[in-house]
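4 protein chains.
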Amino acid sequence: MLNPELPGAMMQVGLPLGACARSWKSVRMASCGMARRNPLENKVALVTASTDGIGFAIARRLAQDGAHVVVSSRKQQNVDRAVATLKGEGLSVMGTVCHVGKAEDRERLVATAVKLHGGVDILISNAAVNPFFGSLMDVPEEVWDKILDVNVKATALLTKAVVPEMAKRGGGSIVIVSSIAAYSPLPSLGPYNVSKTALLGLTKNLALELAELNVRVNCLAPGLIRTSFSRVLWEDPARQESIKAAFQIKRIGEPEDCAGIVSFLCSEDASYITGETVVVAGGSLSHL
Amino acid sequence: MLNPELPGAMMQVGLPLGACARSWKSVRMASCGMARRNPLENKVALVTASTDGIGFAIARRLAQDGAHVVVSSRKQQNVDRAVATLKGEGLSVMGTVCHVGKAEDRERLVATAVKLHGGVDILISNAAVNPFFGSLMDVPEEVWDKILDVNVKATALLTKAVVPEMAKRGGGSIVIVSSIAAYSPLPSLGPYNVSKTALLGLTKNLALELAELNVRVNCLAPGLIRTSFSRVLWEDPARQESIKAAFQIKRIGEPEDCAGIVSFLCSEDASYITGETVVVAGGSLSHL
Amino acid sequence: MLNPELPGAMMQVGLPLGACARSWKSVRMASCGMARRNPLENKVALVTASTDGIGFAIARRLAQDGAHVVVSSRKQQNVDRAVATLKGEGLSVMGTVCHVGKAEDRERLVATAVKLHGGVDILISNAAVNPFFGSLMDVPEEVWDKILDVNVKATALLTKAVVPEMAKRGGGSIVIVSSIAAYSPLPSLGPYNVSKTALLGLTKNLALELAELNVRVNCLAPGLIRTSFSRVLWEDPARQESIKAAFQIKRIGEPEDCAGIVSFLCSEDASYITGETVVVAGGSLSHL
Amino acid sequence: MLNPELPGAMMQVGLPLGACARSWKSVRMASCGMARRNPLENKVALVTASTDGIGFAIARRLAQDGAHVVVSSRKQQNVDRAVATLKGEGLSVMGTVCHVGKAEDRERLVATAVKLHGGVDILISNAAVNPFFGSLMDVPEEVWDKILDVNVKATALLTKAVVPEMAKRGGGSIVIVSSIAAYSPLPSLGPYNVSKTALLGLTKNLALELAELNVRVNCLAPGLIRTSFSRVLWEDPARQESIKAAFQIKRIGEPEDCAGIVSFLCSEDASYITGETVVVAGGSLSHL
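If you read the sequences in order, they're chains A, B, C and D.
Its first residue numbered 1, the first sequence is counted upward by one per residue in full-length UniProt numbering.
Its first residue numbered 1, the second sequence is counted upward by one per residue in full-length UniProt numbering.
Its first residue numbered 1, the third sequence is counted upward by one per residue in full-length UniProt numbering.
Its first residue numbered 1, the fourth sequence is counted upward by one per residue in full-length UniProt numbering.
These are calculated hints, taken from the structure and not from any lab test.
With beta-carbon atoms standing in for the labels, derived distance ranges: (1) VAL232(D) x ARG239(A): 27 to 37 Å; (2) VAL232(D) x LYS115(B): 40 to 50 Å; (3) LYS168(A) x ILE243(B): 28 to 38 Å; (4) LYS250(B) x ALA238(A): 48 to 58 Å; (5) ASN42(C) x GLU142(B): 53 to 63 Å; (6) ALA111(D) x SER242(A): 51 to 61 Å; (7) GLY171(C) x VAL114(D): 42 to 52 Å; (8) GLU141(B) x LYS168(D): 17 to 27 Å; (9) GLY170(A) x ILE243(B): 18 to 28 Å; (10) GLU142(D) x GLU235(C): 51 to 61 Å; (11) PRO187(A) x GLY171(C): 13 to 23 Å; (12) GLU241(B) x ARG239(A): 51 to 61 Å; (13) SER135(D) x GLU141(B): 28 to 38 Å.
Ideal placement from N, C-alpha and C gives every residue a C-beta, glycine not left out.
Modelling step: build the complete structure from the supplied sequences, incorporating the hints.
This is how it looks when you write it as structure tokens:
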């Protein structure tokens, strides 16, 4: 929104050559090379389901960008391996087992970060289950329970557990991982798809409510990404080609394709972005 | 999309401690601190309507992130001032007058970049006019002509002028500046709002078609940003408060709030993001 | 989508004056006055939560349009009263208690219709609970359980119970009642809002999957409607005015405003409409 | 939105058996069989591009539902044929040539209706051109001019010409025909697609502004409909099958599939629906 005929206030401020002017506003800080080099410097980040795939790529990226990251997933050995890998890269990472569906696990996850790093600034809620493939007409009641519990309710409850810690630090940033399936149903994954649509709404609701605490809440909707989860779709080269045609994409995404945007959304550069879902899907159709 | 129970291929690759592994994929490159420090290093970027407000903030940011930037707008003196300011900050910036509605101006803009820097990698299409405030029932035919010409048609034609240059370099990135008014009409700005909705569609169409040329096309939808354009909305403190209440936002955005996401969308980190619109509006309602 | 320059096949068919031509296609049938006078003639319709408010208005309308309607809600006395009222209007209505969260109730509801009328053609899933008003940060786990159970899971399971009966009759029509809150969160109603967003996705998923059974699935998203549920919003005249201003609406809707579109969506006239959500909200902002 | 635990005010009103209670509200009127038999009784309707395809089906349906219809398109012989056909069916129809891009034609269209029937209640804006198939990179400037002129600007200007007549009669109803291409680009139809996206915005803007005049504005987005326009897609049986697979639809739609919803949107039953787009596309993906 711009009227090119009127002189902008911005331009009347003469900044010294090459300098990165000290600024009273964090927005401006973000414009400095220093801040951008480590945009998440000293931030403390929790990432669920982060020992593999998209969650792992996000955890690595947040750490590369300066954050202290707590990785987690349901199995100790996976946590150990992920931590070892990332520490081996010189990153500030530790881990803890967390089944997001369990209240005590959620609390321990938050407590771990608080104990080690004094608080929490960032939450990436990536944990999701999909225990069922098939027709919506065959979904047993307990599958609905499980999927809504873990994918929707646990996301809300984990947020609830983390926000007081963010509030203590004057704000924070949350990214919820949904899926393009929230917009365009993936065949045979009905309850999973529905849970991902629900997360679009949860993002809006949390963003609206947490704005006054200076906590921003955004959402990532990955398309077809090369992970264990989607292996069945891309493993067979012939099938991969037909999938790419159906999705109108040139290539299948990599977990790293999802990591940059998440780090960005958690940075000061995104301080006016909240309640939004960013689709990372190579051009697959989603929403206007 | 992740199944935490299966080991991820990523983790089996042992990366040397602290190293930024050489990679065959640009996606990976983007994960390296080096690339991120100057994510647009040596890219050539055109930004229209960039001597003020949002366009100026974007131009500055692209240059800070390493790009050679060509700023432009309709008046020579505005171009001169913007170039002087940004050069004074040590940035690689030059400028040229460009009225995007004129074919010869669009061609000169592209030719200038090619002559100086050998090609074009990035286009930020920000130019827009709004010559009318009032009821849709009072809009003269020539206002529709003007607004659709400059805001929609010229965006398409400028893209058409730039894409062959991008193709020569193996790809590129385009960001079209729309507005939250594309989703939620701003009162008294009917034709402007409609033109901004059209840009959501233009983004999708271009993205779909240009994918095979490795040109990505995304869209920025700013909310209420403190620019000359929106001055009438925020100048009076009382009015500002009522506006903030109506938009359910804590603060009015700054032009810089729009700059980081645009630079991000042009970087390798966004290489799997195309056809998407990112709303930067502090939580104002837009789309799911 | 039309090219006015080419002659249309339609026009070459000379239809006899004033006649309602016999047709092999139900689409055409729907164009006849006869069909339209009682568009749901002899259809059997289940409507949940239909002893009050929107559900009651829908039940009445379906019956007025020729359907045999089974009304239901959780309390026998409410069912009795609704049935008495509608029978008193000469409509073909009977009722049964149904708590949609209980499998045996869902099955009894379907069995009742089958026993009385030989099958089911139409399902209107309107039942929803909202046991909580307040911050998302205060929502107890059991509130999430309850809301997701009744509003989302029970909708899916009721559909599952009904579809085999529709399949036996060669098809059917389902309308799920969501809310404008699915798009624009209503303050203090977080979990309710999220459950309504989930229903947008459930609609898409069911529509996609049930198309091969000739079962269409659409969704209604009412705005601010004068019901017991929303009484707190419209009871006080001063508050009503501020609500109307916030919603940019001229008047608050009546339950009857939601009834016509639901009947329409269940009729042959809508036989090519599936997977869609129609917002009935007097112009409140929702989606493009 | 309903709380089944509270008794509804509606049910306390005992209506006499079988009666269609006289009511002070048009909403209620709409619930009466009488009103529904001829829901558009004595309404005067203008339909552009209505001598073929979707427009013709709509014109016929509005007339069948009781309206006096003025059909129009660019060629006298097409108008004559359409009028003859519909008069032959006993419908109240007359016609006039109208190229919506011409101010004098738009004015004559409105004047014709006013002269014959004393005013205008309904406008269906269906006229659209698509003079180009091919890459967005090859679209000549004059194609953009033509498409934006006829598809967008003329729609706005025709509305402007009609609304004063509606205002004189205390209100009216407008339906703008867009396309599913507004959401999901059709290949090789870039400018057409973009113009259809613009119409989604125009609908919202007009709805918002005309609410105070009691003029409702809604939008129809047809999917793949069997018309001359889309003949190339469905003529060849093999191609038809691949199209149906790509669209995830069981069958191609008929023009009549679009007619019922338009008549509905113009009726009193839709009096609380404004600013909405209804997709008629057999389940093709569009928007949540």
